[in-house]
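Starting from two chains that each stand alone, build the complex the way the hints lay out.
Protein chains in written order, with the working numbering: chain A, 42 to 273; chain B, 52 to 300.
Possibly wrong hints are sitting among the right ones.
To be verified - Derived CB-CB ranges, DEER-like:
| id | chain 1 | residue 1 | chain 2 | residue 2 | range |
| --- | --- | --- | --- | --- | --- |
| 1 | B | Ser57 | A | Ala47 | 34 to 44 Å |
| 2 | B | Val264 | A | Glu186 | 17 to 27 Å |
| 3 | B | Glu106 | A | Glu67 | 31 to 41 Å |
| 4 | A | Gly196 | B | Gly135 | 27 to 37 Å |
| 5 | A | Thr57 | B | Gly135 | 22 to 32 Å |
| 6 | A | Pro63 | B | Gly54 | 36 to 46 Å |
Treat the hints as calculated values from the structure; they're not laboratory data.
By construction, the Cβ of each residue, glycine as well, lies at the ideal position given by its N, Cα and C atoms.
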Amino acid sequence: MALSEAEAARYARQLTLPGFVPATQEFLRSARVHVVGAGEVAGPALLYLAASGVGTLLLDDALDLASEDAASWLYGAGQVGEPRIYAAIAAVRGATSLSKPRPYATGSDPSAALVCASSPGTAREAAERARVAGLPHVVALADGESGEVVTVPRGAPCYQCASRLASGAPARPGAVAAALGALAALELVQILAGVVDLPPGAGRRVDVAGGEPQTHRTTRVAGCACGRPRLP
Amino acid sequence: MSGILSKKSALVLGAGGLGSPALMVLASSGVGRIAVVDGSALETSDLNRQPLFTEADLGERRGAAAARRLTRLFPAVNVEVVDGCFDEASAAGLARSADVLVDGADDAPTKFLASDAALLAGRPLVHGGVLRYTAHLLTVIPGVTGCLRCLFETPPPPGSVPGVAEAGVLGPLAGLAGALMGAEAVRLLLGERGAYAGRLLVYEARRARSRAVPVRIRDGCPACRAQREAVASAGAAAPGPGTPTAAGG
Numbered sequence: 042m043a044l045s046e047a048e049a050a051r052y053a054r055q056l057t058l059p060g061f062v063p064a065t066q067e068f069l070r071s072a073r074v075h076v077v078g079a080g081e082v083a084g085p086a087l088l089y090l091a092a093s094g095v096g097t098l099l100l101d102d103a104l105d106l107a108s109e110d111a112a113s114w115l116y117g118a119g120q121v122g123e124p125r126i127y128a129a130i131a132a133v134r135g136a137t138s139l140s141k142p143r144p145y146a147t148g149s150d151p152s153a154a155l156v157c158a159s160s161p162g163t164a165r166e167a168a169e170r171a172r173v174a175g176l177p178h179v180v181a182l183a184d185g186e187s188g189e190v191v192t193v194p195r196g197a198p199c200y201q202c203a204s205r206l207a208s209g210a211p212a213r214p215g216a217v218a219a220a221l222g223a224l225a226a227l228e229l230v231q232i233l234a235g236v237v238d239l240p241p242g243a244g245r246r247v248d249v250a251g252g253e254p255q256t257h258r259t260t261r262v263a264g265c266a267c268g269r270p271r272l273p
Numbered sequence: 052m053s054g055i056l057s058k059k060s061a062l063v064l065g066a067g068g069l070g071s072p073a074l075m076v077l078a079s080s081g082v083g084r085i086a087v088v089d090g091s092a093l094e095t096s097d098l099n100r101q102p103l104f105t106e107a108d109l110g111e112r113r114g115a116a117a118a119r120r121l122t123r124l125f126p127a128v129n130v131e132v133v134d135g136c137f138d139e140a141s142a143a144g145l146a147r148s149a150d151v152l153v154d155g156a157d158d159a160p161t162k163f164l165a166s167d168a169a170l171l172a173g174r175p176l177v178h179g180g181v182l183r184y185t186a187h188l189l190t191v192i193p194g195v196t197g198c199l200r201c202l203f204e205t206p207p208p209p210g211s212v213p214g215v216a217e218a219g220v221l222g223p224l225a226g227l228a229g230a231l232m233g234a235e236a237v238r239l240l241l242g243e244r245g246a247y248a249g250r251l252l253v254y255e256a257r258r259a260r261s262r263a264v265p266v267r268i269r270d271g272c273p274a275c276r277a278q279r280e281a282v283a284s285a286g287a288a289a290p291g292p293g294t295p296t297a298a299g300g
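The shape of chain B in the complex, shown without the other chains (with noise of 0.2 Å):
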């Protein structure tokens, strides 16, 4: 298994409460290049859920001092650091260079984006979320299974979501979900079927209940009509090499 996982690359955006756990388990499974994307600097309100900084770690910036973590825990492992944020300029490049993206950022437009370029890129995505009690996975096979406009078709409106700071999360439910994200990451590069491939998971914590809710390409979807335009004008018929399917494969 590690072998395989050596020679592959994942694409971590945001090292914070959902990627903080996402990246150790793509690293402690052995995935070879790991490339986290984070603009930010470590706040004390950050270290209830984000097991991979320290007190030492305070104002430092998170990708750096996650890169310093992982490598002292897996050395193995070849950290790659983008200090800045993942936006309209960077997405498609930075998409394109992983075999898989992992969407821990934290905020909507972000993930739109995130979806968007993976679509574009012909990369598997894997999504989550966490706010309060609740986390939601979904992974995002492009021409296979809906993507996040084919759900919610645009980000709410600026300041009509609360976010983190102003609704709270649990710092091990981050963790659980950071961690299912990240072993979904390791199913899809190991080619297997993606348990949130085409399904959006919600776990509610307190009642520890799960529900799944279909997530299928939904007909005038704008992201995958242009995914669709990309590959037909790049002459290919299905998802880019390399790239699993939601049967796995």
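In isolation and in its complexed conformation, chain A is listed as follows (with noise of 0.2 Å):
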């Protein structure tokens, strides 16, 4: 389906980018992300997402808002102890009529994943059940003052040997977190609208220390079951 006049003036400033037509806005609306977490990283993320004109976020977060959740941009002072899923989802409906924020469900189908999970354990596994799925991904994990942003398009080196971080400490509240977050949906948005400039197959970190975005190509581990071409 076309462009609304309302989605075509929502997104202006994004249909006069080069590589970027009224398709790949068409694209991006028709996407469905599954996103891990609803902390401070994954606030900025899913705001962006959601006025970048993706159509369906499928929020995965199991939490409860404590305090310090005051930093992910979504939530209200007085919302500490309410489902973290459900503020969230509120926040970004709040925000946009033009992306559909629902919980994901066993059956949801996303056509790919954001990882901002609190640990590396959770970052781990929902990047490798994002890879078994065939899912494009990207994954975000703060590291105390610093960070990093992985971009697994498919095909690419997985997460597991990518990622040089992460002890998962907490990010120092509002700073480093809301650039991860910000970084990590440039990097899905950029896949997603097929701008992104990296050769088929291949991967990128981003790491994020003291104010610097400092990119690596990703190389796989020898023998890492990314390598294996994937069953029909």
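Next comes the structure, spelled out in structure tokens:
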């Protein structure tokens, strides 16, 4: 379905970008992104995915809101104790009517994944599920004052091969987490829009430390299962 | 950390694609007083990159809507709104009113004015820009690093450089740049070294490549000369009290 007048007006600043045409925006609208986590990295990422026009956001989070979640850009001070997933859904719905946030469930059939887990173990598990499902995915993880964003298009070295972090230590409130969340959304939107500059089968990791993004092409660890052809 | 920041203040120029995430970072970090200068109303095309706002805010003054959202999310922060332009008449007073300036303005003349005003007020300035798939960041420390005029000398002639309306911008890239600007301002307020002090960081999103260009004080820069003269006439030998240097402290 072609973009409506309201959508064309909303995304006018993207539709003038090189490589961005109405069909690109329509593809973003049809995307269904599984978002793991709803904390201080995921909050900005969710808002930017929704604002960019990603049509469906499938939220996956089991925690209740804690006081430190105030840095997530999504939650008011009086919401501590509420289920985080529903508070996040309400916040995204309040921001835009052009993106549909809903809880992730078996059979949700995502087309991509964004992992903003709070621990390396959870990030690895979620990333591996996305890889096995054949989904392009991006993983963002904070490590105190720094963090990393790993981009894994289809066929690229997996997160386990690519990650060089990470303790998963909580980010400095409000600072590096926001940059990681925005960067993770940027990477995923570029993959979905087909404007990312990466050769087929390649991935990359952006380390953010001291305010400086440093990019590394990722390489596959010898013998890793991600190098074997996927079963049909 | 928040104890120090709660006594600090920031002046943010523009509540748009860069200012919006920078404001979120400053407020969520616990900066005590934030003044936002914005003289425009929210348009539908703003919503692809300005996470402070929702559809319900369309048509409202951006400064007022920004203050309402920030106060709801971060009640401890004192948000002041200047609903107008950062211009020749207001620049000096506004620059002196805060501990750090964050330049999220979207036009070149305002950016040069912000750099000049920060130098004369002895306040550090975090400058940012974003267009298409490229963002850039620069921190100006008066008397220590080069300024915008050391780098570009003068604003480009009107109409010679396309703006966001013509060239476009990817929303999350503005988010990344604005978040990095906010984090840089927090570092400066804490007395830490500025990551972009004296260096222009350029980030190209499609290749995820960053490169840095040194920005030193340029001989003959009229803005830096005016800053030196202002310091000399005030009888001070160094940047004003509370102003961090490129090496921190």
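For which of the previously enumerated hints does the structure constitute a violation, in increasing order of number?
3, 4, 6
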